[in-house]
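Enquirer: Since chain A is already given, all that's left is putting chain B on it; use the hints.
As given, the protein sequences belong to chains A and B, one line each in that order.
Plus 160 on top of the position in the first sequence (first one is 1) and you've got the numbering used here.
Plus 1356 on top of the position in the second sequence (first one is 1) and you've got the numbering used here.
Just so you know, these hints were derived from the structure itself, not from any lab.
Ideal Cβ placement from N, Cα and C applies to all residues, glycine included.
Errors might be hidden in some of the hints.
Here are a few chain A residues that sit away from chain B, every Cβ distance over 10 Å (derived from the structure) [said to hold, decoys possible]:
| hint | residue |
| --- | --- |
| 1 | Ile162 |
| 2 | Gln192 |
| 3 | Gly216 |
| 4 | His220 |
| 5 | Glu242 |
| 6 | Ala283 |
| 7 | Lys299 |
| 8 | Ala317 |
| 9 | Asp382 |
| 10 | Ala390 |
| 11 | Ala403 |
| 12 | Arg442 |
Among the chain B residues that face chain A by a calculated CB cut under 10 Å, a handful are [as the list claims (entries may be wrong)]:
| hint | residue |
| --- | --- |
| 13 | Ala1445 |
| 14 | Asn1478 |
| 15 | Tyr1480 |
| 16 | Ala1486 |
| 17 | Tyr1487 |
| 18 | Pro1499 |
| 19 | Thr1513 |
| 20 | Ser1516 |
| 21 | His1543 |
| 22 | Met1561 |
| 23 | Asp1567 |
| 24 | Glu1569 |
| 25 | Phe1571 |
| 26 | Tyr1650 |
| 27 | Gly1654 |
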Amino acid sequence: MIRPELVCPAGTPSAMRTAVDAGADAVYCGFQNATNARNFPGLNFTVPELEKSVAGAHAHGTKVLLAVNTFPPAGKVDLWKEAVDAGSRIGVDAFIVADIGVADYIHRTHPDIRLHLSVQAAASTPEAIRFYCREFNVKRVVLPRILTVPEIRDMAAAIPCEVETFIFGNHGLMVEGRCSLTNYITGLSTNMDGVCSPAADVQYIRDDAGNMTTRLGAFTIDCFSCSENAGYPTICKGRYQAAAHEGPYYAFEEPISLNLSALLPDLMSAGVTALKIEGRQRSRAYVKKVVGAFRKAVDSIMAGNDPEIAALIALTEGQKQTEGAFKSKTWR
Amino acid sequence: MAVSELMKLTIAPIPFHWDAQTKLDFYARIADEAPVDVVHIGEVICSKRAPFFEKHYDTVAERLTRGGKTVVFSTLAEVMLPRERKMIASYCAPSELLLEINDSSALWHLEGRPFRVGPLMNVYNEATMAYLAGLGATHFSLPAELPASSAAILAATAKSLGVTTEVQVFGRASLALSARCYHARAHNRIKDNCQFVCEEDPDGMPLKTLDSEDFLIVNGIQTMSNSYVNLLPELEDIRDMGITHVRLVPHTQDMVAISRIFHRVIAGDLSPDEAERTLATLNIPAPFSNGFWYGAPGHQRLAHKPVAAA
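Just chain A, same shape as in the assembly (with noise of 0.2 Å):
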């Protein structure tokens, strides 16, 4: 078996710092603005930032994989070659890309530097990735939340480049990459301005009864009664009503986790190079906590021991969670 490498998130510098005290083998960040898929408010580095923590991080042996993978729109393309340009000065150990244009400037601009192909590349099938590898020498694929494990085993023999999957965190029900639902409501686009759900597009409504209605621009998102903890107002994860359903439901999937601890062995003996935990919109405690713990479960099962899959489902408590579409086909 691989050694696999933890990656893990890293939403600002004292984020990445903890990350890399909790065992981290690689982290993955972003610069604070439209280049990569979590521009969110109070969140990412800037170049001062990522300078400094990349050297925080390389001397305790911890890579640094910058994001730089949405879409540039046609216009803007200056701003994605000048956060390559900064990663590449600053010396991150990968790009983390998803754009055909973006990935050529960096594989004929710094062909030095490592490419993985982002889950926003929709890359799903062996010979999407071949075509990426042969075209722009990536290294490393993260695959899209939507195979099985015999899938992705039969997947990382059938590839020339390493597998990296998703094994915690929020659990992406669209396409990454094909999805434009926050731009249809809100004007802001997941691909081309790296924004899912927008907080200034986002209201909490409460009304007499205590009930707590949530919006997304000029939608109702989803209503919770005063028992229920109201999640917060993302497309996919609304309840709607259909002529076909019986009552409002969730239309695409309940707001749920996706925690894949107890398919950890069976992932790694997949094949798979590296482990992502997503989340760099969370507190440094969550990331604390989560990366620990997969530290702790890795090494143990590296050194043949089981892991203490209990710690790890204890991550979610409260939360429902999902093995999603790794675990079995009936998820589609």
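Expert: Chain B only, in chain A's frame:
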């Protein structure tokens, strides 16, 4: 304006699961009566639907060709399963077929063969367009969410590369794809035992918000806008920026009548205002939208304002 300079009208692949007879009737009418230049055939959304119509492609293509239409075969937008990978490989094999691809899996097979790039491929900028043109792409149908400011730059880039461009000007916009079938889910089924419930909704399945407002449309693994994109007032700007083709997405409404309206506006025989009034008589079951074009929320319809060519 000389006829040869008119923007070309295209019919997008049918996104919905219509039965074979309905599709045959649709294409026969389009072949005989619709003033369109290009017609896309092929199943783009769900590989499970494909076998129902496969045996008719040759007949339909021949009929459309006889009607003077250029026939383009559009490929699957989401490719995962071995069966789907085989479909892509077989369509991409060398042949005379004009191919529009909608997933990057196809790119692996296409070396040395010309191809068209569908709107479900992520071509947002001039660098990506130039790269794919270098691989043999001859035509780019731009993503539905791309704003006019970027479309103008891509149209100019295309011209310099010697390739052509297209934007959707009518019909529901594709907003998202998923591995999960949301049609099956609404019926408490999963994709593997869906029993083709999507056939019950020939214009897609409406999703309403909890306060009963029309919101989105489910079409199998695809989520679409409830609103119909309508860029009639913007057609002149689209032409002026150098976009060569405009696309109509098929719905159950009278697509021949709709294509005539767009054709007359393109030909300068009908003002956009008059066209709008005629379109209003055709029972379109949802509001119109153009928000994406103006960089606004996609569901909105903004008053026409000219966007400069690049």
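Enquirer: Evaluate each hint against the coordinates.
Expert: We went through each hint and held it up to the structure:
Against chain B, the non-interface label of isoleucine 162 of chain A holds: every CB pair exceeds 10 Å, the least being about 25 Å. Residue-level check passed: glutamine 192 of chain A sits 21 Å from the nearest beta carbon of chain B, beyond 10 Å. Non-interface status of glycine 216 of chain A relative to chain B is upheld: no Cβ of that chain comes within 10 Å, the nearest being about 33 Å off. Taking the minimum C-beta to C-beta distance to chain B, about 36 Å, the non-interface status of histidine 220 of chain A holds against the 10 Å cut.
Interface exclusion of glutamate 242 of chain A from chain B stands, the closest Cβ pair being 14 Å apart, more than 10 Å. A cut-off of 10 Å between C-beta atoms contradicts the statement that alanine 283 of chain A is not in contact with chain B; the least separation is 6 Å. The claim that lysine 299 of chain A is not at the interface with chain B holds, since no C-beta of that chain comes within 10 Å of its own (minimum 18 Å). The beta carbon of alanine 317 of chain A is kept farther than 10 Å from every beta carbon of chain B, the shortest such distance being approximately 14 Å.
Against chain B, the non-interface label of aspartate 382 of chain A is violated: not every CB pair exceeds 10 Å, the least being about 7 Å. The non-interface label for alanine 390 of chain A is consistent with chain B: the shortest C-beta to C-beta separation is roughly 13 Å, beyond 10 Å. Not every Cβ of chain B is farther than 10 Å from the Cβ of alanine 403 of chain A; the closest lies at roughly 7 Å, contradicting the non-interface assignment. Listed as a non-interface residue, arginine 442 of chain A keeps its Cβ farther than 10 Å from every Cβ of chain B; the least gap is roughly 24 Å.
Satisfaction of the interface hint for alanine 1445 of chain B is found here, the shortest Cβ-Cβ separation to chain A being roughly 8 Å, below the 10 Å cut-off. Proximity of asparagine 1478 of chain B to chain A holds as hinted, the smallest CB-CB distance being about 5 Å (cut-off 10 Å). Among the interface hints, the one on tyrosine 1480 of chain B holds; its C-beta lies about 4 Å from the nearest C-beta in chain A, closer than the 10 Å criterion. Hint on alanine 1486 of chain B holds. Least Cβ distance to chain A is approximately 8 Å, under the 10 Å limit.
The closest approach between the C-beta of tyrosine 1487 of chain B and any C-beta of chain A is roughly 5 Å, which is under the 10 Å cut-off, so the hint is satisfied. Satisfaction of the interface hint for proline 1499 of chain B is found here, the shortest Cβ-Cβ separation to chain A being roughly 8 Å, below the 10 Å cut-off. Among the interface hints, the one on threonine 1513 of chain B holds; its C-beta lies about 7 Å from the nearest C-beta in chain A, closer than the 10 Å criterion. The criterion of a C-beta within 10 Å of any C-beta in chain A is not met by serine 1516 of chain B, whose closest approach is roughly 13 Å, and the hint is violated.
With its C-beta approaching chain A no nearer than about 5 Å, histidine 1543 of chain B sits inside the 10 Å limit, and its interface hint holds. Because the beta carbon of methionine 1561 of chain B sits about 6 Å from the nearest beta carbon in chain A, less than 10 Å, this interface hint is met. Checking aspartate 1567 of chain B against chain A by beta carbon gives a least distance of about 5 Å; that is within 10 Å, so the hint holds. For glutamate 1569 of chain B, the suggested interface contact is upheld, since its CB lies about 7 Å from the closest CB of chain A, less than 10 Å.
Annotation: phenylalanine 1571 of chain B was flagged as interfacial toward chain A, and the flag holds, the nearest CB pair being 6 Å apart, inside 10 Å. Restraint check, tyrosine 1650 of chain B versus chain A: the minimum CB separation of about 9 Å is within 10 Å; hint holds. Interface restraint check for glycine 1654 of chain B: the shortest CB-CB distance to chain A comes to about 4 Å, inside 10 Å, so the restraint holds.
Comparing the model with each numbered hint stated earlier shows that hints 6, 9, 11, 20 do not hold.
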